[in-house]
Amino acid sequence: MPERSSAAPRVNDFTLKFANVNGSGSASANALVMKAIFRTGVPVVGKNFFPSNIQGLPTWYEIRVTRDGWRARSGRIDLMVAMNAETYARDVREVDPGGWLLYDSTWPRAALHQREDIRAFGVPFAQLCNEHFEGARARTLMKNIMYAGTVAALIDIDLEVIRGQLAETFAKKPKLVESNMKAIEIGYRYAKEHFECPLPIRIERMDRTRGHVMIDGNTAAALGCLYAGATVGAWYPITPSTSLMDAFHSFCSRYRTDPETGRRDYLVVQAEDELAAIGIVIGAMWNGARAFTPTSGPGISLMEEFIGLAYYAEVPAVIFDVQRVGPSTGMPTRTQQCDLLACAYASHGDTRHVMLFPDSPEESFRMAVQAFDLAERLQTPVFVMLDLDIGMNDWMCPDFQWDDAWRPDRGKMLTPEQVAGIEKFQRYMDPDGDGIPYRTLPGVSPKAAYFTRGSGHSKFGAYTEDSAEYQEVLDRLTRKFRTAAKLVPPAVVDGRGAPTGIVSLGSCDAPVREALAALRKSGVAIDYLRVRGFPFGAEVEEFLAAHQTNFVVEQNRDAQLRALLTLETAVDKRKLRSILHYDGLAMTAGFVADAVGKALAPGVAA
Amino acid sequence: MSSMNKPKVANPGLPRNELGLNRRDYEGSMSTLCAGCGHDSVTAAIVQACFELAMPPQSVVKLSGIGCSSKTTAYFVSGAHGFNAVHGRMPSIATGASAANRHLRYIGVSGDGDSLSIGVGQLAHAIRRNLDMVYILENNGVYGLTKGQFSASADVGSKSRKGEANEQQPIDPVLFALTLGASFVARSFSGDKEQLVPLIQAGLAHKGFAIIDVLSPCVTFNDHEGSTKSYEYVRGHSEAPVAADYIAPKQEIRVQYAPGETVSVAMHDGSSVVLRKLDPAYDPSDRTRAAAYVQERALRNEYVTGLIHVDTRRRDFHEQHGTSESALNAVPFDRLCPGAAKLHGILSAFR
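So the sequence lines, in the order shown, correspond to chains P and E. Each residue of the first sequence is one higher than the last, beginning at 0 in numbering that gives the first Met the number 0. Each residue of the second sequence is one higher than the last, beginning at 0 in numbering that gives the first Met the number 0.
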């Protein structure tokens, strides 16, 4: 990325970072700052770096202010709000040259003096809180709100916008609006009186956030489940997927509860483990309800046996895998795209599964809806592959759209009338030649009855140990998988005939697009394909064939997308070059641009 | 082979139930279990229970895990959907199926390996949920399909066919279920159809989790001397403190019960279960004392059989969740989807 000097005025284009202790209430102060910028019409990117812990460990929050509307991390820090004594030295080191540091000057901070290339502002937050507020808890909370006020003065956020937010948040507790506003104003005034405000990095009103929301992918996916008509949710709590079911539950209690009787058109089961969670989903979808489970890598590992049953017995299921850092327990609160292979081939025997790769919360909403249609149309498990970055961070997205004419695609499910009209029901035939059989629901008619089993079965649904009968069904499943390649959302292709391409997926899209723009500016043209579904469609094969070099950008160590491409397409694997990011933090555009730039530099073999 | 087709032979002389169906209409495919297997008698008892209750075959859902016992769901009510799940995980499939449609009758068949070893966790949590189903545990103390290993229900000192004695403490499914607060707990013997059929009927009438531990000897691997799960041993060591008679909703009570000796339990579907106390001190509504009674008898090498505990007041899975009366798989889409106008309102909270 081009070097920038922090000294030049950079209106609506800079990054703030807040260093806090978790469990101290800092999240609401940071969200207040981000929302205020968003409500001033300026695009923002928020990233939360939090520990796997309830209280007392370091946590950071990054807010990138981006007038151009980029969606990735910037990879730089212009203003650090260093409120955690424990990480103070490290936080000071991280500020980019020419940047600023805000700290609590109630206590001396020796480490500060080691840097002469940044400017530091000390505000005695703790002391001011002790003077103005009573009680230990209130003082801790108000200290956070107070630094939000100081930041507002430094980067020129309109206090009325903040007041409006507080009034909404505490609509039922007006006293809290006043006490919070008091803290904001103390912090704000202190900055105005002691420092030259605003800084060159500052906010100026724009109109680029109208028609947008700030929402996380788990909430968006939950909304998709609500709109798709899912009625059964089963889960076992696991970071970072938990908030998906929490959101579904809360949407349902609002929109699916009979106001008079209190009866609910949904059922959420907190299962005893992930094995049971997927079993409940399979049982419910087998019996005709739309059901789903949100989980993460360790949950996928536990679900594998059942996933194989659903694949072979052809039972729909929808699984949201909000990927986190592995292997094993790994780093539960950090992001990665490390379950691609585990999900693609989950379970023993010959199994292959349908996957969807949303790039944002907005697409998580749409793909959640699609996942139910695909699962029922194809009668197979469908994985929606989110990651922690999409699932748990607030992203600025265009308003979600909904077509009231939309109806669920229940696939080849015989209605009671159709059952009445048939001679004999046979479960695993392929009358349409697309590999997809017909199914019936329990409770309809003795004529519709069939036996579902994970043991060898013939196309008639009968138990078999006959080689030819077994193989016939297995071969039909291969045909069905080919049909799936035509039904999953096609890849997004941005091709202008360049000899080099980038292939990527999911949350990599934001940094890749920004890197492509930067590379184009410096005269390097590269085509781009973003995979959105698995199995891969013909357009993926064509793109790989059309480019001499394809950089495969993904967030895992073992190049799992590249492995899938070599296994499932005809591409010569020497044409695929990996760019891998797997430290657990969301990737930046700079990382991608640097890696591509280095690979394409003269003297480096392409 | 797990099942073979069995031709339906019309026999006009067979008695018919209210639906005009005869007993054969409640059968399934041919059993492929060993000749004399206790499980086949349990299958016959299920067939009889469903026939006598005149259950529409499609109103039944059959569920099982993996093992000899789990094969038997193919051998009864061929007009019902069946689901042969993975080993030990039938309760989660049953939970999901029940969640989707609360109006069908769920009959689960499992074994001691499927329920007490690999599936002990799922069984425990199905009991805790008070899932509305009948869970028949065909208990023979041994793994049959893998040729004779002890199961978790094998008693201390019980001998394998090779003469080796088990030293590990057994899990008694009845005590296990009582401890977890099961709302209907019974035990029977595959060789005692007179006791077993009314227990299955009472279990089907019960709204909640009805577990029936059926001692069902394995003729091939666990029917020898020294085994505590053999036909001979179970016959000689069973004792029922209470006999249960199932009385259908509109059925007249014909038997004259002596006053003070019977308790009539009203079931949710209008039927009742009349309990005849064979041991006057026994109270099947008292869970704690029922458990103590079972343990005391076990020390005397006796299996307590019959309806050991019943509590019709416990709220079942759907009542706990406040689910709509309509089956969730049949709620009209318009009732499920809030629509475009409301989406706009929902999103306004995210600005």
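It should be emphasised that the hints constitute simulated quantities derived from the structure, not laboratory data. You may find that some hints are simply not true.
[Stated by the list, open to error] To give an idea of the chain E side of the interface with chain P (calculated C-beta under 10 angstroms), a few residues: (1) LEU52; (2) ALA53; (3) PRO56; (4) GLY95; (5) VAL262; (6) TYR281; (7) SER284; (8) THR287; (9) ALA290.
[As the list claims (entries may be wrong)] Sample of chain E residues with no beta-carbon within 12 angstroms of chain P, all distances over it, derived: (10) ALA79; (11) ALA96; (12) GLN168; (13) ARG288.
Positions of the beta carbon are idealized from the N, C-alpha and C atoms, including for glycine.
(request) Enumerate the violated hints, using their earlier numbering and listing them in ascending order. (result) Those not satisfied are hints 1, 2, 5, 6, 7, 8, 9, 10, 11.
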